[in-house]
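Student: Here's the letter readout for the chains.
There are 2 protein chains.
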Amino acid sequence: MTQLEMARQGIISKEMEYVAAKEKVSPEFIRQGVAEGTIVILKNKNRKDSNPVAIGKGLRTKVNASVGTSPDSTSLELELEKLQVAEKAGADTIMDLSTGGDINGIRKEILAKTKLPVGSVPIYQTAIEAIAKYGSIVEMKAEDIFATIEAHAADGIDFMAIHCALNFDVVNRLKKQGRTMDIVSRGGAFLTGWMLHNQAENPLYTQFDRLLEIAKKYDVVLSIGDAIRPGCIDDSLDRAQVQGLIIAGELVDRAREYGVQVMIEGPGHVPVHHIHSTIQLQKELSNQAPYFVLGTLVTDIAPGYDHITSAIGGALASAAGADFICYVTPAEHLRLPTAADVREGVIAARIAAHAGDLAKGVKGAAEWDLAMARARKSLNWEEQMVVAIDRERAEKIRSERAPLNSSDDVCTMCGDYCAMKVVSQYLGVPAGEC
Amino acid sequence: MTQLEMARQGIISKEMEYVAAKEKVSPEFIRQGVAEGTIVILKNKNRKDSNPVAIGKGLRTKVNASVGTSPDSTSLELELEKLQVAEKAGADTIMDLSTGGDINGIRKEILAKTKLPVGSVPIYQTAIEAIAKYGSIVEMKAEDIFATIEAHAADGIDFMAIHCALNFDVVNRLKKQGRTMDIVSRGGAFLTGWMLHNQAENPLYTQFDRLLEIAKKYDVVLSIGDAIRPGCIDDSLDRAQVQGLIIAGELVDRAREYGVQVMIEGPGHVPVHHIHSTIQLQKELSNQAPYFVLGTLVTDIAPGYDHITSAIGGALASAAGADFICYVTPAEHLRLPTAADVREGVIAARIAAHAGDLAKGVKGAAEWDLAMARARKSLNWEEQMVVAIDRERAEKIRSERAPLNSSDDVCTMCGDYCAMKVVSQYLGVPAGEC
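Protein chains in written order, with the working numbering: chain A, 5 to 438; chain B, 5 to 438.
Don't read these hints as lab results, they were simulated from the structure.
Among the hints, erroneous ones may be present.
Because identical chains cannot be distinguished in the list, a pair is counted as satisfied if it fits within a single copy or across any two copies.
As the list claims (entries may be wrong) - Keeping only pairs whose Cα atoms sit at most 30 Å apart, straight-line, the calculated DSSO-like set for lysine-lysine is:
1. K26 <-> K145
2. K18 <-> K367
3. K61 <-> K367
4. K400 <-> K92
5. K26 <-> K425
6. K26 <-> K137
7. K367 <-> K180
8. K52 <-> K180
9. K179 <-> K221
10. K49 <-> K400
11. K180 <-> K400
12. K28 <-> K92
13. K425 <-> K145
14. K137 <-> K367
15. K179 <-> K49
16. K400 <-> K61
17. K61 <-> K137
18. K425 <-> K117
19. K112 <-> K145
20. K180 <-> K117
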């Protein structure tokens with residue numbers, strides 16, 4: 005049975021117990037969320053020795069870090085280094101998006117080297133193998149697509165981005181709409197190309213039951229890929245995007261009915277004033293399926309800083325109800341990220357997720373900030389470093405310029421004119437004792 | 005006459021014409037905003053050869069970069085370097101917050117070296133000189149406070165943070181409320197200490213007319229300092245803060261009546277779900293005075309990344325109506341910023357301001373993003389670099405890893421599996437021609 009089937013039968017699985025303890029909620033809270041489909045648990049039945057992670061309503065917002073080779077960078081070592089860096093920086097899940105080198109070998113290695121849930125986008129591999137086998141992506145067969153999906157599932161992949169909510173309703177609406185950037189989803193682009201060339205409907209849509217069968221067998225969480233997501237501010241909330249969300253919502257119903265855990269992937273590029281509506285729309289159209297947002301970048305103008313544009317959008321999305329956010333690194337739109345980029349990306353996304361958690365009132369979120377405020381008020385630098393989201397970075401910056409003329413308990417910004425210090429003398433709350 | 009007095013008399017000054025051209029609005033739009041007090045123009049009458057900047061409703065959100073020495077770092081050269089870096093990175097204004105070394109000399113040098121409007125916080129200097137003169141901040145005299153303000157104004161300072169909205173109504177409410185971090189404003193801390201020690205009302209409040217007289221004489225824009233701003237998430241929107249805003253609103257009325265341009269300074273640390281209310285409250289309580297926010301940091305837990313926590317809050321604040329945001333650097337809460345920190349801080353704040361401008365529909369904002377989207381769609385890398393907010397950074401990142409096995413027109417993230425490239429073949433919009 006899948007976690008969803010167990011939850012519906014009132015069974016509290018050991019995975020539910022594990023994630024409940026992690027989230028500091030009751031196992032029953034988890035069971036109920038899973039039964040309703042507002043929570044999913046990432047844990048492939050074939051995956052041994054990994055730690056399940058729950059995503060959804062009432063839980064801490066999770067952060068995904070994507071790693072993987074590209075045609076221009078096929079080193080397994082580098083990707084394993086990124087995996088390690090992402091994990092150390094606090095990523096909750098890893099996605100392997102490899103498109104270069106020994107794709108099967110890399111996936112198996114990543115699954116072996118981490119206890120975090122691992123996701124993938126099987127269509128990448130199918131498309132690349134189609135080029136090798138048939139000379140072109142548009143020649144790939146439905147059989148190839150499902151064979152790759154099953155292979156990933158059998159290897160233990162815990163969640164998969166599958167672009168099943170893309171059909172001719174969506175593609176035709178896109179053509180009629182006229183977009184600035186058309187399609188920026190790679191999976192969406194491969195499949196749209198295939199559909200238009202073959203004048204045939206997307207097999208992932210027409211043979212959705214086949215997909216559900218595989219997902220159920222391994223309890224893979226289906227992540228409905230946002231094939232039609234806006235790739236720039238100008239395309240946000242257009243008719244093609246919303247048509248895609250409607251189709252995705254219908255597929256969520258079918259997946260749940262079949263006993264398959266499911267979430268929906270979202271944009272992308274979304275201006276600040278569209279984020280609340282974007283999240284609300286997805287939640288309403290899908291009966292509150294967990295939302296995995298891939299950005300949301302609030303402006304297009306800042307290549308080199310998309311960890312920041314996406315942290316802005318990610319915080320807002322998380323506050324508005326998004327459950328899972330994908331990190332974006334400073335290398336986005338420019339090149340494949342390095343290990344250092346991965347670190348920046350994970351921390352920025354965690355800041356965004358946490359800012360959203362404060363707004364949503366997630367359990368334990370406010371306490372973290374309170375601990376820092378108290379450490380600051382008491383000028384307890386050791387404690388500030390312990391509480392910091394990135395102790396290493398905070399210590400490095402402070403140590404670069406220690407107070408020379410001032411006391412040890414202040415910093416070089418204000419020296420002994422520190423407001424904390426001045427006020428403590430007059431408001432009766434001595435610094436160091438509050 | 006001040007800009008406000010001229011605007012009320014229907015006069016369009018050369019400063020109004022200048023800023024109108026910069027903002028791509030009509031001079032009459034500026035005149036009307038200045039007359040109503042929803043727009044201020046930063047331009048001290050004594051300041052020769054500087055470029056005025058307008059701040060307020062309907063205009064691009066501006067970014068301030070603060071520089072200045074501290075007791076532990078008194079180098080004029082370093083602060084002038086920061087000034088240059090801030091200006092090159094696109095700061096709209098500079099604040100000189102010097103508290104170490106030759107404070108008067110540094111201010112004059114900064115005013116001489118930039119054409120940007122320059123702001124200051126005169127109480128810092130008064131307090132520091134009081135220590136030298138009398139042995140303690142609490143011994144400073146009202147005369148000292150007003151003398152420093154007049155000296156700064158005579159030097160050409162265009163806007164001043166003055167903590168005049170701090171009185172015993174506010175301090176007593178603070179004591180009664182019980183805050184986690186009490187007062188984090190340095191000016192607020194100095195004055196609260198003074199008030200409690202001397203058991204006397206804040207002279208900047210009781211002698212507000214004297215302040216108005218100086219501001220009017222030089223047409224200095226009064227920036228009502230947020231003495232009582234929340235210094236941590238836990239203190240946001242408490243009764244002390246709101247009491248301060250009420251007093252500030254009353255002083256705005258008096259300043260406008262007197263013909264003095266005025267804006268209000270705001271927090272600080274504000275969680276995502278408080279930002280809209282915080283901005284709306286300030287706007288309503290002050291009859292729409294321009295709002296200069298000093299953060300807004302959406303979480304306390306990320307020292308080393310407060311350029312990001314404040315970019316999240318700054319974008320939201322700007323979208324909600326804030327008109328002017330102060331940069332925050334990665335060094336915030338840890339040490340005095342370096343020139344490199346200044347650069348990071350300015351760019352992050354500009355991203356936030358622009359994200360807010362997109363949401364507010366500021367003229368020209370959407371066109372910038374559209375230019376980038378078109379350059380991306382057509383795989384025109386040269387144009388992407390030209391349009392980027394930080395060309396230098398974008399070029400550096402891209403060049404670190406150029407495509408090896410793929411064509412020149414893609415990047416190493418996807419190589420020739422670039423969605424833009426794939427789609428262009430099938431949707432009839434060839435890449436490079438859209």
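Student: Hints first: check each against the structure and report whether it holds.
Tutor: Now the hints, each set against the structure:
1. Within a single copy, K26 and K145 get their C-alpha atoms no closer than 42 Å, and across copies no closer than 57 Å, so neither meets the 30 Å cut-off.
2. Proximity of K18 to K367 under the C-alpha cut-off of 30 Å is restricted to the intra-copy arrangement: shortest distance 22 Å within a copy versus 56 Å between copies.
3. Taking the closest pair of Cα atoms, K61 and K367 come within 30 Å of each other only inside a single copy of the chain (12 Å); across copies the shortest separation is 38 Å, beyond that limit.
4. For a Cα distance limit of 30 Å, the shortest separation of K400 from K92 qualifies both inside one copy, at 17 Å, and across copies, at 27 Å.
5. Neither within a single protomer nor between protomers do K26 and K425 lie at most 30 Å apart by alpha-carbon distance, with minima of 38 Å and 43 Å respectively.
6. Neither within a single protomer nor between protomers do K26 and K137 lie at most 30 Å apart by alpha-carbon distance, with minima of 45 Å and 58 Å respectively.
7. For the homomeric pair K367 and K180, the shortest alpha-carbon distance between copies (28 Å) is at most 30 Å, but the shortest distance inside one copy (45 Å) is not.
8. In this assembly of identical chains, the alpha carbons of K52 and K180 never lie at most 30 Å apart, being 48 Å within a copy and 57 Å across copies at closest.
9. For the homomeric pair K179 and K221, neither the shortest alpha-carbon distance inside one copy (37 Å) nor that between copies (62 Å) is at most 30 Å.
10. Taking identical chains as interchangeable, the C-alpha atoms of K49 and K400 are never at most 30 Å apart, the minima being 42 Å within one chain and 44 Å between chains.
11. For a Cα distance limit of 30 Å, the shortest separation of K180 from K400 qualifies neither inside one copy, at 54 Å, nor across copies, at 39 Å.
12. In this assembly of identical chains, K28 and K92 lie within 30 Å of each other by CA distance solely inside one copy; the values are 22 Å within and 48 Å between copies.
13. With identical chains, the CA atoms of K425 and K145 are at most 30 Å apart between copies only, with a shortest distance of 21 Å across copies and 70 Å within one.
14. With identical chains, the CA atoms of K137 and K367 are never at most 30 Å apart, being 51 Å at best within one copy and 52 Å at best between copies.
15. Proximity of K179 and K49 under a CA criterion of 30 Å is satisfied in neither setting, with 41 Å inside one chain copy and 57 Å between copies.
16. Proximity of K400 to K61 under the C-alpha cut-off of 30 Å is found in neither arrangement, the shortest distances being 36 Å within a copy and 41 Å between copies.
17. Taking CA atoms no more than 30 Å apart as the test, K61 paired with K137 passes in neither setting, with 43 Å inside one copy and 60 Å between copies.
18. Proximity of K425 and K117 under a CA criterion of 30 Å is satisfied in neither setting, with 48 Å inside one chain copy and 34 Å between copies.
19. Proximity of K112 and K145 under a CA criterion of 30 Å is satisfied intra-copy only: 24 Å inside one chain copy versus 73 Å between copies.
20. In the homo-oligomer, the alpha carbons of K180 and K117 never lie at most 30 Å apart, since the shortest distance is 46 Å inside one protomer and 55 Å across protomers.
Hints 1, 5, 6, 8, 9, 10, 11, 14, 15, 16, 17, 18 and 20, counting from the list given before, are not met by this structure.
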